[in-house]
Structure formats: C-alpha cells, structure tokens
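2 protein chains.
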Amino acid sequence: MDIHLHHDRNPHMEEHMKSSDALRDIVIGMSDGLTVPFALAAGLSGAVDSSSIIVIAGIAEVAAGSIAMGLGGYLAGKTEQDHYNSEEKREYHEVENLREREIEETKEFFAKIGLSKELQDNATDEISRDKKQWVDFMMKYELGLEKPDPKRATKSALNIGLSYIVGGLVPLSPYFFVTSPLEGLKISAIVTLICLFVFGYFKSKMTGINPWWGALRVMLIGAVAASAAFGVAKLIGG
Amino acid sequence: MDIHLHHDRNPHMEEHMKSSDALRDIVIGMSDGLTVPFALAAGLSGAVDSSSIIVIAGIAEVAAGSIAMGLGGYLAGKTEQDHYNSEEKREYHEVENLREREIEETKEFFAKIGLSKELQDNATDEISRDKKQWVDFMMKYELGLEKPDPKRATKSALNIGLSYIVGGLVPLSPYFFVTSPLEGLKISAIVTLICLFVFGYFKSKMTGINPWWGALRVMLIGAVAASAAFGVAKLIGG
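For the protein sequence lines, the chains are A and B, in the order given.
Using numbering that gives the first Met the number 0, read the first sequence as starting at 0 and increasing by one per residue.
Using numbering that gives the first Met the number 0, read the second sequence as starting at 0 and increasing by one per residue.
For reference, chain A alone in the conformation it holds in the complex (with noise of 0.2 Å):
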C-alpha cells in the first residue's frame, strides 16, 4: 500500500518526496528487522536451553531477511519501471494509431470532473495538440502512472537491506552476551519494544497520523508477533 507522505505546496516537493522515499525505505526495513528477529528470538526463547542456537537462527533468518527484502524491493521497482514503459508505448501506439478512441477518453475524464460537454470538446482539443503532452497526461491521470526515478529500485534494495540488518541486530544482540536464553528475551524485550516504539513514532510523523499513537502501535505488533511465536514454540517445542 503506497501512502502519500507529503501534502506539500512547494517547488521542492519533488525533492521532498525523494528524500522521504529513502526515509521511508529505511524505516521499513528497520521496523520490520526489528519486528521479525524479535519474534523469532522470543519463539526460541520459550523452546531451546542455550542461547547460541538463537543467534545463529536470528542470523540466518537476518541474513535471508534482508536478502529476501532487498531484492524483492529492487524487483518491484523494475517491475514498476517496466510496466511505466511498456504503457508509455502503448498509449503513444493508441495516440497514433485509435486516435479516435483516445479522444473520447480524454472526453471522458473531463466529464467525469464535471465539466460541460463544449468544454469537454475545447479542452480535450486542446490537449490533443501536443503528442507528447497528451500521451503524458493520459499516463498520469488516466492510468495514474507516475514516471519512476530509474535508479529507485537499486536504492530502495539497499536501504531495505541495510536497515533490515541493523534492525535486525538489535533483538540479537543480548543473546551474544548471555547464556540463559530467557534472560536474554527480558533484556532483548526492553531494548526493541523501545526501539520499535522509536520508529514508529517516526514512521507515523512521516505519513501524518497522530505520532504516539503511531509509535503505541507498532510497539504492540512487534509485543503481539513475539508473544504468538513464543507461545506457540512454546507449545510444540517446550
């Protein structure tokens, strides 16, 4: 679900989406390192004696995370540019060759915003003019298509990848340190319900809701996730 972050009237706001793009990957991909090592160290907690199988499970499962993530970010985002290609040449194909039917889709959206049938026909002329200019307009608005940055797909595998490691690597870390694994789930607790709780907030600020609900929120989803994987461990495992 792709959630538009900015309602912004500047000049800049192509920059801002940019840059909150990035932003935006790399809180999802920390809240959810955050969120699923979490739950599976909590899982584990509740079923196995030492602490080392939990690390190299929580490592494997980052490692194949973050992989599985980042790639999957960067094949969405060539899908996306593909599919943005392929419908460009398809329009510019019916904008040469069914001009006629082109024309009474672009009559169509003008009566669907309201105007009258003499403005449909003045501003649907109008627009007909330029090639480029229509075939632009008909992406945008009658297919609502946004032309993708090209090298958005590499940066948001990157961003996704990365933060899924770091996120990933805080649930883990306690159990580096002791032995008991349950005493590793207390600390690990604290310190990601903290840090989910962080980056909720600021992934809440960013797409406009109520900033501490938000954060409640996410806090709670990673508590809940931990919980079910513990109990269930727990259930076939204890």
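A hint or two may mislead.
Any copy, or any two copies together, can satisfy a pair, since identical chains are not distinguished.
To be verified - Here are the computed lysine-lysine pairs in the DSS-like style, where the Cα-Cα straight-line distance is at most 25 Å:
#1 K139 to K111
#2 K77 to K106
#3 K204 to K139
#4 K150 to K185
#5 K233 to K130
Keep in mind that the hints were calculated from the coordinates and are not lab data.
Predicted, not measured: the structure shown is a model, and the values here were computed from it.
Once you've looked at the hints, dock chain B against the given chain A.
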C-alpha cells in the same frame, strides 16, 4: 511500491481492481511465506543436528511473520484511510475558507496539463460550482489520493496473514517427516523452488511483465536468500 495491475477499459474496472487486490495480497503473503521460512530452515539445516529445532524455529517464524505482516497490512490500510479522511476534511475546509487559493490551484492543474488561459478559467469555473465535485477532483488529481475501501484493511490483514502461513508450511513440511536436516533441506528446496516459480509466474502475469522471466526471478530470490542463510549459519554455527 504500489503497482497498478490492470489497464482495463471496461466499466467493471473497479470490481476487477478489488478482486485483484485480494489476489495480490495472497500472492504477496504466500511468496514471502515461502521465501523467509525456507531460507531460515535452509540456514539452520547447515548448523544444527536435529530437524525438530528447525520445525520449532520455522513455526515460530511463521507465527511471528504472519502476525507482523498481517497486522502491518492492517495498519497500513487504516493509516491510508485516516490520511484520506484528514486530507478530505482539510480540502473541504480550504474550499470553504481559502476559496481564492483553491481556485488558483485548480487553474494551475489545468495549466499544467496544457490548456489555454481561457479554458483554465472556464473549466475552473464549472468545476468549482459543486463543492463535493470540486473536493473529489482535488483529492484525486491534485493530491493523487484514491478513496480507500473501508473494509480493505481487515481483508488485507487476513489475506496476507493466512497466505503467509500456508506459504510457510510448504518449506517446513519436509522437516516433519525426516530426522536429518540436510535430507529435509533437499526435499524442502525442490518443493519450495517449484512453488516459488509457480507464484512468480502468477505474480508477473498480474503486473503485466513476462511471466516466465518473472517466475525465474522470484525463484532466484528464494534460492539466493536460502543459500546466503545457509552460508552464514554454517560460518558461525557449523
């Protein structure tokens, strides 16, 4: 990243979008559910002696991952809804109290798509006669926000969470039946990579890219993530 799945010109478009939303949730949940537990199980197979630890860790991961992803989907949906509602309220306020500025912004929209000064004025004049029509227009085309389906958050959470569980049980199931982790890994790899290929195929079909190439890419992500997890876990644990 939100990718528009359909470029459909029939009047049932909206219905199509809704069913494909559900399909997309299922495919996302299931392919993530296949990938991460698979990679975790692969990682542990290189580092521990008994299948039972892999089963416990895997089920803990599936419980944690399905809750984290499901609740994550729910909150994303709710946030989108909250964001839409607060922006809509704001637009109504602005249309009533900052009428001149909104008129300017509406004219700017028509200028940007390429209409002449005269049509900008006329179109703005017509559109601003009806308050609801005007706000709807501003929401959709100035802010780029679609009205979210109010039940979407809950449906999305269930679809993603349950698909993650179904997907996650695939790579884990072989470990239920064999005691040697490496034996389990062989069967798990074969079964999971086939499933990833099949899901990659459908996922790509939905986004309109070459399905065979897409299937290969999804399968490769799973294989790379699992290999990395295996390598890392072997390095520190085995």
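- Within a copy, between copies, both or neither: where do K233 and K130 come within 25 Å Cα-Cα? Neither: 65 Å inside a chain and 58 Å across chains, both beyond 25 Å.
- Query: How would you label the pair K204, K139 (within, between, both, or neither) given a Cα cut-off of 25 Å?
  - Reply: between (28 Å within a copy, 23 Å between copies)
- Message: My question is about K150 and K185: at a cut-off of 25 Å on alpha-carbon distance, are they close within one copy, between copies, both, or neither?
- Response: Neither. Shortest intra-copy (42 Å) and inter-copy (37 Å) distances fail the 25 Å Cα cut-off.
- Between the shortest in-copy and the shortest cross-copy C-alpha distance, which are at most 25 Å for K77 and K106: within, between, both, or neither? neither (32 Å within a copy, 34 Å between copies)
- Message: Regarding K139 and K111, is the shortest C-alpha distance of 25 Å or less found within a copy, between copies, in both, or in neither?
- Response: Both, since 15 Å and 12 Å are each at most 25 Å.
Hints 2, 4, 5 from the list above are not met by this structure, while the remaining hints are.
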